[in-house]
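Engineer: What follows is the residue order along each chain.
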Amino acid sequence: MNEPSTTSFPLTMAMDTFGDVTFDRDGNPLSHAQTIRDIVEQGTLADAVGVDFFGIGEHHTDDYPLSAADVVLGAIAARTERIRLGSAVTVLSSDDPVRVFQRFSTLNAISGGRAEVILGRGSSTESFPLFGFDLSDYERLFEEKTALFAELLKGGPVTWNGSTRASLHAQDVVPHAENGPFPTWIGVGGSPQSVIRAARRGFNLMLAIIGGSPARFAPFTTLYRRALEELGQPQRPIGMHSPGHVAATDAQAQEEFWPRYLEVIRHVSKTRGFSIPTKAMFEQEIGPHGSLYVGSPDTVAAKIATNLTALGASRFELKYGMGGLSHSALMTNIELYGTRVIPRVRELLAEHPAAEGSHIALPEPV
Amino acid sequence: MTSNTRISTIAVLGAGHVGSAFARVAIEAGYRVLVAASGDPQKIELIADVLIPGAEPRWATDAIADADVVILAIPLHRFHAVDPVLLAGKIVVDLMNYWSPIDGVQPLFEDPALGSSEIVQRRLAESFVVKSFNHIGYHELESERRPAGSRGRQALGIAGDDEAAVSAVVDLVERFGYDALRIGGLRSGRILQPGGPVFGALLTAPDFARAIGYDAAA
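As given, the protein sequences belong to chains Y and Z, one line each in that order. End of the first sequence sits at 365 in numbering that gives the first Met the number 0; the numbers just go up one at a time, nothing left out. End of the second sequence sits at 217 in numbering that gives the first Met the number 0; the numbers just go up one at a time, nothing left out.
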């Protein structure tokens, strides 16, 4: 048996969006431009109500037009003081690690050191043909590019050779990060090799848990901690990202979310080749053994606290929004998450500190 | 393959999300499980230790040689690197799927006249290829297991050209905790592929049969 790790990290309550296009009162999709302006509002509100982190996932489709998430994050940075800002995720394999570093180092400068990056594949693949990459090269691209990104984060001149971009020789890459490397995560969906890669590169671990029982990811957190130990690296924070929707009551949250969810999954299933979920499957997912956080603030908070404890994770990231919901429903979701869910999660974790295996540090009560 | 093969040792090629989930279920069903990834077994020791307690990491060559059945749970784009000679004479269960919008275009699998497992069989000409387990999610493979005869037990389709190999896999599926449904030869296996009526769906045997257009009584 290994010594139980005593390392703990502060609880971080985060939100992220894929930039899902919102609809107006009559059920018509809003323009891409309006959706983007609304996301700036949403990020600003998240800061005001006490959300710790706001993320935007890179996408390149008509229903998720957030292809330049870092620009939007820059606008939010200029209007906020406290909230941390980052990607969720940056599709590094189809991007240039040097440019990703430059953009997020710039965001870090604008925000006074509040930038973070989550690197990953995400679940969409549109950026590969768009930028001229072959999906079957995915592993090589990601492996090489995460290695280069880790080098860039160290600061100082970078020397690098590989097959996926031009070599660098003692290259100064600007802007220099102000206070050392900004937090970098790897988003992992289920691949054990990706967990080990995150440890090997010295990146934090973000588990994308979008279906099924969250508890089945517990062995991944053990794998990550063991891998860090064997590599002689310090322990690092573990986060979990899951979709959901918060409204005043359970019934209202479900009524708002289910038809939109069904529609989006119906659409996505065509390109992914899987079958369409039934209402019974949805009910399983919003229940205690599923991965959707849909309900009243109390329902969602209880589920978050339970699963953070089960996984020994210190960060929860709610993917809010679902194509077709209204901007005002999303604003309500953010407000309830900040003012009701977050305090309740803190209370629950303080009431039942998971003595063994807890990796969450809560501030002392004032 | 003529004799009745009773499976006791399983080689799982691939220690990713699919391979490790399959291996865990196989160990819990009482099989001896050898796992192999590309190259040195040391590279997957930690994964095996944490995620697949009880599995023995091996070089692929050794794992295959010692096994009664070989599970192909590698990324499809790595299949071309598998040496058919190593697999000659073995029952090979193909868990792989080809879905170009996600995997990218794989020229080897771009024949519209053939299912992906038919292409696998053509390449592994001396092996007995069986298609199964490909249409259920890897996490559902663990969570949806139920004892024989219990209500709501899910069905898994099995397609293969060799009757003895199919029978061996039927036994495997049943012992894992699923109703095994023989759907015919590898050609019929195309109905289990992405975009098909049962891919990613959880169905009991009668619903499964209906979904693929078989009479429930058949």
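Keep in mind the hints are simulated off the structure, nothing from the lab. Hints are not guaranteed to be accurate.
Said to hold, decoys possible - Derived lysine to aspartate or glutamate pairs resembling EDC-like cross-links, with alpha carbons at most 20 Å apart:
hint, chain 1, residue 1, chain 2, residue 2
1, Z, Lys42, Y, Asp61
2, Y, Lys153, Y, Glu143
3, Z, Lys42, Y, Asp249
4, Y, Lys153, Y, Asp136
5, Y, Lys278, Z, Glu109
6, Y, Lys153, Y, Glu138
7, Y, Lys269, Y, Asp249
8, Y, Lys278, Z, Asp102
9, Z, Lys42, Y, Asp51
10, Y, Lys269, Z, Asp102
11, Z, Lys42, Z, Glu27
12, Y, Lys269, Y, Asp61
13, Y, Lys153, Y, Asp61
14, Y, Lys269, Y, Asp62
15, Y, Lys278, Z, Glu55
16, Y, Lys269, Z, Glu109
17, Z, Lys42, Y, Glu150
Engineer: Please go over all the hints and tell whether each is borne out by the structure.
Structural biologist: Comparing the hints with the structure gives:
1. Z:Lys42 / Y:Asp61: Given that 20 Å is the threshold and the Cα spacing comes to 42 Å, the pair is violated.
2. Y:Lys153 / Y:Glu143: OK: Y:Lys153 and Y:Glu143 at ~16 Å, within 20 Å.
3. Z:Lys42 / Y:Asp249: Since the Cα atoms of Z:Lys42 and Y:Asp249 sit roughly 46 Å apart, the hinted pair is violated (cutoff 20 Å).
4. Y:Lys153 / Y:Asp136: violated, 26 Å
5. Y:Lys278 / Z:Glu109: Violated: Y:Lys278 and Z:Glu109 sit about 36 Å apart, past 20 Å.
6. Y:Lys153 / Y:Glu138: violated, 23 Å
7. Y:Lys269 / Y:Asp249: Not satisfied, since the Cα-Cα distance of roughly 30 Å exceeds 20 Å.
8. Y:Lys278 / Z:Asp102: violated, 29 Å
9. Z:Lys42 / Y:Asp51: violated, 37 Å
10. Y:Lys269 / Z:Asp102: holds, 15 Å
11. Z:Lys42 / Z:Glu27: violated, 23 Å
12. Y:Lys269 / Y:Asp61: holds, 16 Å
13. Y:Lys153 / Y:Asp61: It is violated: about 37 Å lies between the C-alpha atoms, which goes past 20 Å.
14. Y:Lys269 / Y:Asp62: Between Y:Lys269 and Y:Asp62 the Cα gap is close to 15 Å, so the pair holds against 20 Å.
15. Y:Lys278 / Z:Glu55: violated, 41 Å
16. Y:Lys269 / Z:Glu109: OK: Y:Lys269 and Z:Glu109 at ~19 Å, within 20 Å.
17. Z:Lys42 / Y:Glu150: violated, 23 Å
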